[in-house]
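**Q** Chain B: place on chain A using the hints.
Chains as they are written, first to last, in this note's numbering: chain A, 1 to 91; chain B, 1 to 647.
No lab work stands behind these hints: they were computed from the structure.
Just so it is clear, the structure is predicted and the values come from calculations on it, not from any experiment.
Please note that the accuracy of each hint is not assured.
Said to hold, decoys possible - Label-pair restraints from in silico Cβ distances:
{"hint": "1", "chain 1": "B", "residue 1": "V459", "chain 2": "A", "residue 2": "E82", "range": "52 to 60 Å"}
{"hint": "2", "chain 1": "B", "residue 1": "K134", "chain 2": "A", "residue 2": "L12", "range": "20 to 28 Å"}
{"hint": "3", "chain 1": "B", "residue 1": "A289", "chain 2": "A", "residue 2": "E82", "range": "23 to 31 Å"}
Claimed, not checked - Cut-off 27 Å, straight-line C-alpha distance, at most; resulting in silico cross-link-like pairs (DSSO-like, lysine-lysine):
{"hint": "4", "chain 1": "B", "residue 1": "K83", "chain 2": "B", "residue 2": "K4"}
{"hint": "5", "chain 1": "B", "residue 1": "K279", "chain 2": "A", "residue 2": "K22"}
{"hint": "6", "chain 1": "A", "residue 1": "K57", "chain 2": "A", "residue 2": "K29"}
{"hint": "7", "chain 1": "B", "residue 1": "K4", "chain 2": "B", "residue 2": "K156"}
{"hint": "8", "chain 1": "B", "residue 1": "K172", "chain 2": "B", "residue 2": "K50"}
{"hint": "9", "chain 1": "A", "residue 1": "K29", "chain 2": "B", "residue 2": "K474"}
{"hint": "10", "chain 1": "B", "residue 1": "K4", "chain 2": "B", "residue 2": "K50"}
{"hint": "11", "chain 1": "B", "residue 1": "K618", "chain 2": "B", "residue 2": "K511"}
{"hint": "12", "chain 1": "B", "residue 1": "K134", "chain 2": "A", "residue 2": "K18"}
{"hint": "13", "chain 1": "B", "residue 1": "K126", "chain 2": "B", "residue 2": "K156"}
{"hint": "14", "chain 1": "B", "residue 1": "K156", "chain 2": "B", "residue 2": "K50"}
{"hint": "15", "chain 1": "B", "residue 1": "K126", "chain 2": "A", "residue 2": "K22"}
{"hint": "16", "chain 1": "B", "residue 1": "K150", "chain 2": "A", "residue 2": "K57"}
{"hint": "17", "chain 1": "A", "residue 1": "K22", "chain 2": "B", "residue 2": "K273"}
{"hint": "18", "chain 1": "B", "residue 1": "K172", "chain 2": "B", "residue 2": "K83"}
{"hint": "19", "chain 1": "B", "residue 1": "K172", "chain 2": "B", "residue 2": "K4"}
{"hint": "20", "chain 1": "B", "residue 1": "K42", "chain 2": "B", "residue 2": "K511"}
{"hint": "21", "chain 1": "B", "residue 1": "K156", "chain 2": "B", "residue 2": "K168"}
{"hint": "22", "chain 1": "B", "residue 1": "K42", "chain 2": "A", "residue 2": "K18"}
{"hint": "23", "chain 1": "B", "residue 1": "K83", "chain 2": "A", "residue 2": "K57"}
{"hint": "24", "chain 1": "B", "residue 1": "K618", "chain 2": "B", "residue 2": "K474"}
{"hint": "25", "chain 1": "B", "residue 1": "K156", "chain 2": "B", "residue 2": "K134"}
{"hint": "26", "chain 1": "B", "residue 1": "K511", "chain 2": "B", "residue 2": "K324"}
{"hint": "27", "chain 1": "A", "residue 1": "K57", "chain 2": "B", "residue 2": "K511"}
{"hint": "28", "chain 1": "B", "residue 1": "K126", "chain 2": "B", "residue 2": "K273"}
{"hint": "29", "chain 1": "B", "residue 1": "K50", "chain 2": "B", "residue 2": "K150"}
{"hint": "30", "chain 1": "B", "residue 1": "K177", "chain 2": "B", "residue 2": "K150"}
C-beta atoms are modelled at their ideal positions from N, C-alpha and C, and glycine is treated no differently.
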Amino acid sequence: MSSAGESGKRKLPLAMLKDGEKGIVVSVKSGYGKGWGFKKRLMDMGITPGTEIIVVKSAPFHGPMEILVRGYRLAIGRGMAERVFVEVEET
Amino acid sequence: MGEKRLVIALAGNANVGKSVIFNHLTRLHQHIGNWPGKTVEKAEGTLHFKGYTVDVVDLPGIYSLSTYSIEESISRRFIAVDKPDVVVNVVDASVLERNLFFTLQLMELETPMVIALNQMDVASRKGIQIDVEKLEEILGVPVVPTIAVKGVGIFKLLEKAVEIFEGKLSAKPKPVKYGEEVEQRIERLAEAVGDSGLPYPARYVAIKLLEGDREIQEEVEKTKPQAAALARSLGEELERLHGHSCPTLITSERYQAANNIAREVQRLVPPLKPTLGEKLHSVTTHRVAGYLVMAATLLSMFLFVFTVGNILSELLSSLLYGFKPFFEGFFGTGFIAQLFWGGVVEGLIAGATIALPYVIPFYLALYFLEDSGYLSRIAFLMDSVMHRMGLHGKAFIPLLLGYGCNVPACLGCRIMETQRERLIAAFVTTLVPCAARTVIILGLVGRFIGIQWALVLYVLDLLVIFLLGRLAFKILPGEPTGLIMEMPDYRLPHLRTVLSQTWFRLLEFLKIAFPLIIASTLTVKLLEALGMLSFFTSLLAPVTVGWLGLPVETGVTLLFGVLRKELALIMLTTLLGTADLSQALTPVQMTVFTIVSMFYIPCVATIATLVMEFGWRKALVITVSEVFLALVLGGLALRILVLAGLR
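If we strip away everything but chain A, and leave its shape as in the complex, we get:
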């Protein structure tokens, strides 16, 4: 499937994905200290590196995103989605 190789992939924040697009989690950005809880929470909900995420839709007015992860539906706030980096196939 990924015949395009490395050059065919882009790394970008989850928040940039459009409805229906999918990506593989690469990293979750956070500083040490205050960010720990937030990052841990995301990972506890299953957003760990290597996990596939499908964006279902976004709420209007810059609202949260609805994503499918590990077989369930998760709402994730915009600010948090901006700190989750995913890799998508270039089309």
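**A** What follows is chain B alone, placed relative to chain A:
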């Protein structure tokens, strides 16, 4: 006394049907309270089974045991320190992988456990088939398939729990295996940790050290500094090997383990057509239709709460006031009897006719919406609005409820994750004009000045809420949490669970609120009877007359308004001797009086709720700061209006 006792803890993710199982087990023998010193609900119950008295503790619904939230800390402490005899891990069969992530953490605590594989019916509707025996074999823990809403499997679950307790059934969970490199280091670290003096197994402490668990890191730093140092160097090694931080690595690998198990025991047959719940979900989160459905739902909820509330309120008040002649016939109309009637009985009646009638239908509606899964959709839609005051989507729900009655609204703030957000949400909620304050706004400004000015006051209120919400958000320490919320599949709420949730929470409310309501009613009545009320009004005069420019009588009405907000208006008409208040008050005075009434203090019942939820100190801070707020706003309004040439 030879009584055989057994303590069972229910643990699991949110929305897996834990409370339904709890209700099946304990029925009417429940007690709802708070965990000591925490705003987290503690549900306990008892039942009798095979000669045992079984105590069931329903732990909060959580996704991990990493002490990110208060709920997680409480659950972990309870399992490790209080050591329940058996932990029943309720697992949602339709979201097996994520549920197993939690199960694996329970297993790491090496507690005797049995798994209730719940919502088997939902799973099969979604085309998920699970090999129960294989799951048992892999985990080394008994697994009982259940359909809690139908009561299927509950008996067997209890049987297994007793068998485990009696040692007839082995329930020693097999340790979770991590990847080679991680596993080696966990074992080395566990050895170094040895007997750490902590209530957790050595392997668990080792894993949590690598996972970056603050609580355990601090403890180990004190008791076994060399183990903490080893953990750091091992963690660095792993980070170099894998390129991810060590906590990320451990969590990822545990999820990988959960994923492997799920794949091994699950067979997926994709369903032919989207289920009804799926379609409902699309509509209720749609960018246009979603908001329309939300408006309609909330409106019907309001109508339900107010219609039922009004009927109940009138019924109760005619019933209770009907007792007055009997009471007077029995106790006479002497000083003590009057004081008792006015202070104690009327306090009871006020509580019973104001709080109770609205709290009951409110709880019913709330639990109905919550158990169905709809509340999470509302939070999804309203998140961006609530973010503007530093809260996230879920806070919209209590805020909205505040327009009905602040009491249930403050209780509703429990849906927020952190203590900080609960407090901010509760604080702004107490500023929302409840039905009683609406009576004043509409009955005074709306009626005598004009409805458009009443609306201006509502807008002013929203503005104040927004600004103070932002301010509280800036002042209170702690990081803002964004929305991370599961949107569970829709389901029909289990009626008996909803009813019993309502009933037991109502009892808790009565226990806390009524003593406070009666005490304060009694105080005011006593002051009145002793003729000291006028003393207080003259004490208040510099503020009411001097600063706010109101007639001196308003002091008394504001005092009584603490008991019931709308009393302030009712008493004003009595004291000023006219129902046509435009004869006695200028438009500016009316506006100032209304602004003050809107903000000046939460009513007694709300204060009682704040005390219950946040303790005396925070309740006092909120109360006092709102008194100041009201005075500042009222005084400013007076001066601005006068400057504007009004009078």
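**Q** Hints first: check each against the structure and report whether it holds.
**A** Each hint, compared with the structure:
As the Cβ distance of V459 of chain B to E82 of chain A is approximately 33 Å, the hint placing it in 52 to 60 Å is violated. Taking the beta carbon of each, K134 of chain B and L12 of chain A are about 40 Å apart, not inside 20 to 28 Å as hinted. Judged by the Cβ atoms, the range 23 to 31 Å given for A289 of chain B and E82 of chain A holds: they are separated by roughly 27 Å. Simply put, K83 of chain B and K4 of chain B have alpha-carbon atoms about 17 Å apart, close enough for the 27 Å limit, and the pair holds.
For the given pair, K279 of chain B sits about 21 Å from K22 of chain A by alpha-carbon distance, which is consistent with the 27 Å threshold. For the suggested pair K57 of chain A and K29 of chain A, the alpha carbons sit about 22 Å apart, so the restraint of at most 27 Å is met. As the CA atoms of K4 of chain B and K156 of chain B are separated by approximately 19 Å, the hinted pair is consistent with the 27 Å bound. Only pairs whose Cα atoms come within 27 Å are accepted, and K172 of chain B paired with K50 of chain B is accepted, the gap being roughly 23 Å.
Restraint check for K29 of chain A and K474 of chain B: the C-alpha separation of about 23 Å stays at or below 27 Å, so the hint holds. The hinted pair formed by K4 of chain B and K50 of chain B meets the criterion: a straight-line CA distance of about 10 Å does not exceed 27 Å. For the hint pairing K618 of chain B with K511 of chain B, the CA-to-CA distance comes to about 20 Å; that is within 27 Å, so the pair holds. For the hint pairing K134 of chain B with K18 of chain A, the CA-to-CA distance comes to about 39 Å; that exceeds 27 Å, so the pair is violated.
Distance restraint check for K126 of chain B and K156 of chain B: the Cα-Cα separation of roughly 25 Å lies within the 27 Å cut-off, and the hinted pair is therefore satisfied. Under the criterion of a C-alpha separation no larger than 27 Å, the hint pairing K156 of chain B with K50 of chain B is consistent with the structure, at around 12 Å. Of the supplied pair hints, the one linking K126 of chain B and K22 of chain A holds, its CA atoms being roughly 22 Å apart against a limit of 27 Å. Proximity of K150 of chain B to K57 of chain A is assessed by CA-CA distance (about 34 Å); at most 27 Å being required, the pair is judged violated.
Between the alpha carbons of K22 of chain A and K273 of chain B the distance comes to roughly 22 Å, so the proposed pair stays at or under 27 Å and holds. For the given pair, K172 of chain B sits about 15 Å from K83 of chain B by alpha-carbon distance, which is consistent with the 27 Å threshold. The suggested pairing of K172 of chain B with K4 of chain B holds, with an alpha-carbon distance near 23 Å, which does not exceed 27 Å. Of the pairs offered as hints, the one joining K42 of chain B and K511 of chain B holds, with about 15 Å between alpha carbons and a cut-off of 27 Å not exceeded.
Taking the CA atoms of K156 of chain B and K168 of chain B, the gap is about 15 Å. The hint holds against a cut of 27 Å. For a cut-off of 27 Å, the pair hint linking K42 of chain B to K18 of chain A is broken: about 42 Å separates their Cα positions. Between the alpha carbons of K83 of chain B and K57 of chain A the distance comes to roughly 44 Å, so the proposed pair goes past 27 Å and is violated. At roughly 17 Å between alpha-carbon atoms, K618 of chain B and K474 of chain B fall within 27 Å of each other, so this suggested pair holds.
With a CA separation close to 18 Å, the supplied pair K156 of chain B and K134 of chain B stays within the 27 Å bound. With a C-alpha separation of about 24 Å, the suggested pairing of K511 of chain B with K324 of chain B holds against the 27 Å cut-off. A hinted pair counts as satisfied when its Cα atoms are at most 27 Å apart, and K57 of chain A with K511 of chain B does not qualify at roughly 45 Å. Between K126 of chain B and K273 of chain B the alpha-carbon distance is near 10 Å, which keeps this suggested pair within the 27 Å criterion.
Between K50 of chain B and K150 of chain B, the direct Cα distance comes to roughly 22 Å. Compliance with the 27 Å bound is thereby established for this hinted pair. At roughly 36 Å between alpha-carbon atoms, K177 of chain B and K150 of chain B are farther apart than 27 Å, so this suggested pair is violated.
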